[in-house]
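Q: Using the hints, position chain V with the ligands against chain D.
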Amino acid sequence: MSTLTLQNVSYKYEGSERLVIRDVSLSFEPGNVYTIIGKSGAGKSTLLNLLAGLDVATTGHIVYDGVSLAEINRNHYRARKAGIIFQGFNLLTNATALDNILLSMHISGVKGINKKTRALELLEKVGISPEKANRKILKLSGGEQQRIGMARALAHNPELIVADEPTGNLDEDTANRVLEVFASLAHEEGKCVIIVTHSKEVIAIADEIWSVDEGVFRPVPVNEG
Amino acid sequence: MKKYFYVIENALLNLSKNKGRNFLQGAMIFAVITTTVIALSIHNTSVTLISEYKAHFGSEVSISPERMPSNLPGITAEQALAFSQSEYLRDFEVSEPDDSSEAVDAVFYLKSPELLEAFAAEVRGKGLPDGYKVDIDRDAYARMVTPLEGLQDISFTFLLIVLALGAAIMVLLSVIAVRERKYEIGVLRAMGMKKRKLAMGLGVEIIAITCVCYLFGMIAGWLLSQPISDALLTGQQSAELMNAVAAQPLTSVKISVSPLTALEIFGVAILLASIAGIISVRQVTKYEPIKILMERN
Ligand SMILES: Nc1ncnc2c1ncn2[C@@H]1O[C@H](COP(=O)(O)OP(=O)(O)OP(=O)(O)O)[C@@H](O)[C@H]1O
Ligand SMILES: [Mg+2]
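Note that the protein sequences, when read in sequence, are chains D and V.
Residue numbers in the first sequence follow this note's numbering, run continuously in steps of one, and reach 225 at the last position.
Residue numbers in the second sequence follow this note's numbering, run continuously in steps of one, and reach 1297 at the last position.
Excised from the complex, chain D in its bound form (with noise of 0.2 angstroms):
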C-alpha cells in the first residue's frame, strides 16, 4: 500500500490567473478514512480530480508510490490505481449499470475472476438489485446512479477511492450503508479513502479532517466533526 502525498500543490484553471488550490501539502496514508468539507466553490472538485490524476498540478508535486502524478501514464494510474466517484456520476447513460461496471473492469485489465459475479456483488453491497443492474442508467433514479458509480469506482479493487459527495443524492439508510462500505474498505481492506462531504454523517466516520476555504486547507480535530 501507497501513501499519496502532496508536496506544496498549486493550481489554477487555464485562462484564469485565480488560485483555486493554494500552496497544499498533506498526506493520505492507507488504511484512514479522509473528509474534505468547504462552501461551495472552495476547491474540493479540484483537488480530487488532481488526486485522481484527471489533471495536473500548476505548480507543486503530486506523489504516489514514490512517482509524480505528472510523470507516470495517468490512464493506467486511473485504471488500476484510482477509482473515482464523480459529483455527477459520469456513467454511460446508454449502457446498462451492470455493462458500466464491466466495461470499467475490462479497462482496468481484471483477471482471474469471474466479471460479471464480482459486478453484481458489488452493486449488491452498495444496494442495488440485479434487476435494477440491468437496467439502463437513465432508467435509474439520482440515489441509484450515485451508488452505481461507487461499484464502478470498487470493480477494480483500487487502493486509493476518491470520492466527490457520495452521499448527496441518497436518504439516511442508504446512505449509512454506503457510509459502511466506506468504512469497511478503508479500515479492513486497507485502502485510503478521500470523501469530499458536507454530511455529518460522513464526517463521523472520518480519521482525518480538512477544511478548504478559497483553495487554502486546514486540519480539523476529528472530534469536532
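Bear in mind the hints are in silico, worked out from the structure with no lab data behind them.
This one's a predicted model, so the numbers in the text were calculated from it and none came from an experiment.
Mixed in with the good hints there might be a few duds.
Reference excerpt, derived from the structure (chain V facing chain D, CB under 7 angstroms, subset only) [what the hints assert, rightly or not]:
| hint | residue |
| --- | --- |
| 1 | TYR1006 |
| 2 | ILE1008 |
| 3 | LYS1017 |
| 4 | GLU1184 |
| 5 | VAL1187 |
| 6 | MET1191 |
| 7 | GLY1192 |
| 8 | MET1193 |
| 9 | LYS1194 |
| 10 | ILE1290 |
| 11 | ASN1297 |
Cβ coordinates follow ideal geometry from the N, Cα and C atoms, glycine included.
A: Coordinates of chain V with the ligands only, in the frame set by chain D:
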C-alpha cells in the same frame, strides 16, 4: 490480442445501442456506395466497349478515291491481292469484279488500329496512285465510339463528384458523431481507457457499418446501373444523330459488375471509412477527459 477483445465487443454493442445515428450514417454510406457502383460500372463497361469498338472499326481499312464524286477507277482485284500480302493484316475480303469494270470492293483487316499508317505506306510503295486514300470508315467509327466516349466522360465526372461528396459527407458525419459522443468518450477516458483503444473501437464501428452498407449498396447499384446506362446512351445518341448518317445505332451497352469493379468499390468504401475513422480519432485525441466531463456537469 485478447485484451482488445472487449473493445471490439463494446464497439459492436454500441452499434445496436445507437440505432438512429448509425442508421443515418449507414444510409449516407449506402447512398455513396450505390452511386459509386453505378458510376464505376458504367465507366468500366464503356472503357471496355470503347477499346473493343476501336479495335474493330479502327482496323477495318478500305481504299477509295480521296474526293467524291470521282472518275478514278476502283482498285482492281490484282491490286487488292497484292496489297493483301502484308504482315500488318490478319484478314481481308475482296468482292467479285463488276461486269462493266475491273474494280473490286476490298476490305483489309489490320492486326491492330495503330498499324494503319504503316499499312498505307506499304500500299503506296506497292504502287497505289495518288488520289486514293487508305483509311478506316470514319463515319461508322464516330457513330459507334463517340457516344461511348461521352458516356465514359459523364460517368467519370459523376464518379469524381460522388467520391468528393461522399468523402465530405463522411467527414461531416464523423465529426458530428464524435461530438455527440464526446461525453461517452470523456467517461471512458476518465476510467483510464487508452486513446488507442478508444480509437480502435470507433474504427471497428465505422468499418462494421461500412461493410454492411457495402453489401446493400452493391446490390442496389448492380440493379440500377443497367437502366441508368440505357437512359444515358439514349440521350447521347440523339445528340449524335444530328451529324451522323443513318446507320445501325448503338442501342444498349450490357453493364456488368466485374469482380474488379466490386473490389475497387470495396477499396472506395474502406477509403471513406478510413477518412471518417481518422477524423474521429483526431477528435478523440483532442479532448482532455476532465474538460469534457466539466462541460457536461
Ligand atoms: N473549468 C473551470 N475554469 C475556471 N474556473 C473553474 C473551473 N471549474 C471550477 N472553477 C472554479 O474553481 C473554484 C473551485 O471549484 P470546485 O469545483 O473545486 O469547487 P467545489 O469546492 O467542488 O464546490 P462544490 O461544493 O459546489 O462542488 C470555483 O470558484 C469555480 O468557480
Ligand atoms: Mg464540487
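Q: None of the hints should be skipped; say for each whether it holds.
A: Hints, one by one, checked against the model:
1. A distance limit of 7 angstroms between C-beta atoms decides the matter here; for TYR1006/V the minimum to chain D is near 4 angstroms, and the interface restraint holds.
2. Taking 7 angstroms as the C-beta contact cut-off toward chain D, the hint placing ILE1008/V at the interface is violated, the least distance being around 11 angstroms.
3. Checking LYS1017/V against chain D by beta carbon gives a least distance of about 5 angstroms; that is within 7 angstroms, so the hint holds.
4. Evaluation of the GLU1184/V hint against chain D yields a held restraint, the C-beta minimum of about 6 angstroms falling below 7 angstroms.
5. The interface hint given for VAL1187/V is met, as the beta carbon of that residue sits about 5 angstroms from the closest beta carbon of chain D, less than 7 angstroms.
6. Here the hint on MET1191/V is kept, as its CB sits about 5 angstroms from the closest CB of chain D, short of 7 angstroms.
7. A cut of 7 angstroms between beta carbons decides the hint on GLY1192/V: the least distance to chain D is about 3 angstroms, and the hint holds.
8. Given the 7 angstroms rule on beta carbons, the hint for MET1193/V holds: about 5 angstroms separates it from the nearest Cβ of chain D.
9. With a cut of 7 angstroms, the hint placing LYS1194/V at the interface with chain D holds, because the nearest CB-to-CB distance is about 5 angstroms.
10. Residue-level restraint check for ILE1290/V holds (minimum Cβ-Cβ distance to chain D is 4 angstroms; threshold 7 angstroms).
11. Restraint check, ASN1297/V versus chain D: the minimum CB separation of about 4 angstroms is within 7 angstroms; hint holds.
In this structure, only the earlier hint numbered 2 is contradicted, and the remaining ones agree with it.
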